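Peer 1: Sequence:
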Amino acid sequence: MSTLGNSSFSPSVFLLTGIPELEGAHSWLAILFCAMYIIAILGNSTILFVIQTEQSLHEPMYLFLSMLAVTDLGLSLSTLPTVLSIFWFNFRQIYFDACLIQMFFIHSLSIIESAVLLAMAFDRFIAISYPLRYASILTNPRITKTGIAIVIRATAILTPLIIRLKLLPYCGTNVLSHSYCLHQDVMKHACKGTTMFNIMYGLAVALCTMTVDGFLIVLSYIMIIKTVLGIASERERLKALNTCVSHICAVLIFYIPMIGLSMIHRFGKHAAPFVPMLMANVYLFVPPVLNPIIYSIKTKQIRLGIYKLLLRKGVGSAH
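Residue 3 is where the sequence shown starts when you use our numbering, and the numbers rise one by one after that.
One or more hints might be untrue.
As the list claims (entries may be wrong) - Okay, the calculated beta carbon distance ranges per label pair:
(1) Phe91 with Leu221: 44 to 52 Å
(2) Met202 with Ile150: 55 to 63 Å
(3) Cys193 with Thr245: 31 to 39 Å
(4) Ala151 with Phe93: 36 to 44 Å
(5) Thr55 with Pro171: 50 to 58 Å
(6) Phe93 with Arg237: 32 to 40 Å
To be verified - Computed cross-link-like contacts, DMTMM-like style, restricted to lysine to aspartate or glutamate with a CA-CA straight-line distance of at most 20 Å:
(7) Lys241 with Glu56
(8) Lys300 with Glu56
(9) Lys302 with Glu238
(10) Lys310 with Glu61
(11) Lys168 with Glu238
(12) Lys310 with Glu56
(13) Lys302 with Glu56
(14) Lys228 with Glu238
(15) Lys190 with Asp99
(16) Lys302 with Asp99
(17) Lys147 with Glu61
(18) Lys168 with Asp99
(19) Lys300 with Asp99
None of these hints come from the bench; they were simulated from the model. This structure is a prediction, so every number in the text was calculated from the model and none was measured. Just so you know, even glycine gets a beta-carbon here, dropped at the ideal spot from N, CA and C.
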């Protein structure tokens, strides 16, 4: 169903979009997206399995890493059905309610990932600044409560936004700009004069979650650097900073595309159609793919855990 003009309607379906001007390459893009999904799912599942099975990894740093892996898995699985249906089968329809559900998971998991990255920054600050009190401050019950609070925050913030979108009348066409449902993309199809709540509330959500989280992450690293500069031994300073490299990479590959996508949606109305699509794909697909790779390469304990896992499988297959 595609409704034209300014008459309002309640959409039963939306039509998703592939990558503009690259329709002829969809079969090749399908292979690329499949490869990215396989890497993301296998990589994050491996991280989770290694942390679960290795008793030595039941520490705050790795428990937060497991939260990050679960979030990245959720992000990958929330976009997989619609992306592959478009690029493999050219099936573009998505029911309105299914669109809202997908949107809820994409945005709530993004807010959760932002909060987990903040928790990991706090973990690094405590480990470097208060090493003797590290285990007593970041106890398992506190980590569990932190995880629950992170999920509750994202759910409570996103629910009013989704309910409001459900109740709005829509005008024009029902063709979306991405291969999945995003709040900004659906909202722009609402009739003029009805979207002020969503615009203001969406801006407030961004300011109160990811903006605050990003500011606190930067503040954490300012305090970490201050502590590290007070360490007398250069070798110990490098060792302390080296424990932060993986997390800094995870922060950069999450926040840079997210900021770029937000800026394009709000101010890049005259940008080429493929630009917001490219930024959205980088924002949603790159962190789940790169995070397990970065942590596997840069974290010795994770590397050893993966090596033991492969060794056990090799021994098992030999028998």
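Peer 1: Starting from the hint 44 to 52 Å, judge whether the C-beta atoms of Phe91 and Leu221 obey it.
Peer 2: holds (47 Å)
Peer 1: Decide if the proposed pair is consistent with the structure: Lys302 and Asp99, CA atoms, cutoff 20 Å inclusive.
Peer 2: violated (44 Å)
Peer 1: Starting from the hint 50 to 58 Å, judge whether the C-beta atoms of Thr55 and Pro171 obey it.
Peer 2: Since Thr55 and Pro171 have Cβ atoms about 52 Å apart, the given range 50 to 58 Å holds.
Peer 1: Could you grab the alpha-carbon distance between Lys310 and Glu56 and see if it respects the 20 Å cut-off?
Peer 2: holds (9 Å)
Peer 1: Holds or violated: Lys300 with Asp99, Cα cutoff 20 Å?
Peer 2: violated (41 Å)
Peer 1: Are the Cα positions of Lys300 and Glu56 separated by 20 Å at most?
Peer 2: holds (18 Å)
Peer 1: Is Lys168 within 20 Å of Glu238, Cα to Cα?
Peer 2: violated (55 Å)
Peer 1: Is the hinted pair Lys310 and Glu61 satisfied, with a Cα-Cα distance of at most 20 Å?
Peer 2: Holds. Lys310 to Glu61 sits at ~19 Å (cutoff 20 Å).
Peer 1: Hinted pair, alpha-carbon criterion (20 Å max): Lys228, Glu238. Please report holds or violated.
Peer 2: Answer holds: Lys228 to Glu238 is near 14 Å, not above 20 Å.
Peer 1: Between Ala151 and Phe93, does the beta-carbon spacing fit 36 to 44 Å?
Peer 2: Since the Cβ atoms of Ala151 and Phe93 sit about 39 Å apart, the hinted range of 36 to 44 Å holds.
Peer 1: Does the alpha-carbon distance linking Lys168 and Asp99 stay inside the 20 Å limit?
Peer 2: Holds: Lys168 and Asp99 sit about 8 Å apart, inside 20 Å.
Peer 1: Tell me if the straight-line CA distance from Lys190 to Asp99 falls inside 20 Å.
Peer 2: holds (17 Å)
Hints 2, 3, 6, 7, 11, 16, 19 from the earlier list are contradicted by this structure; the remaining hints agree with it.
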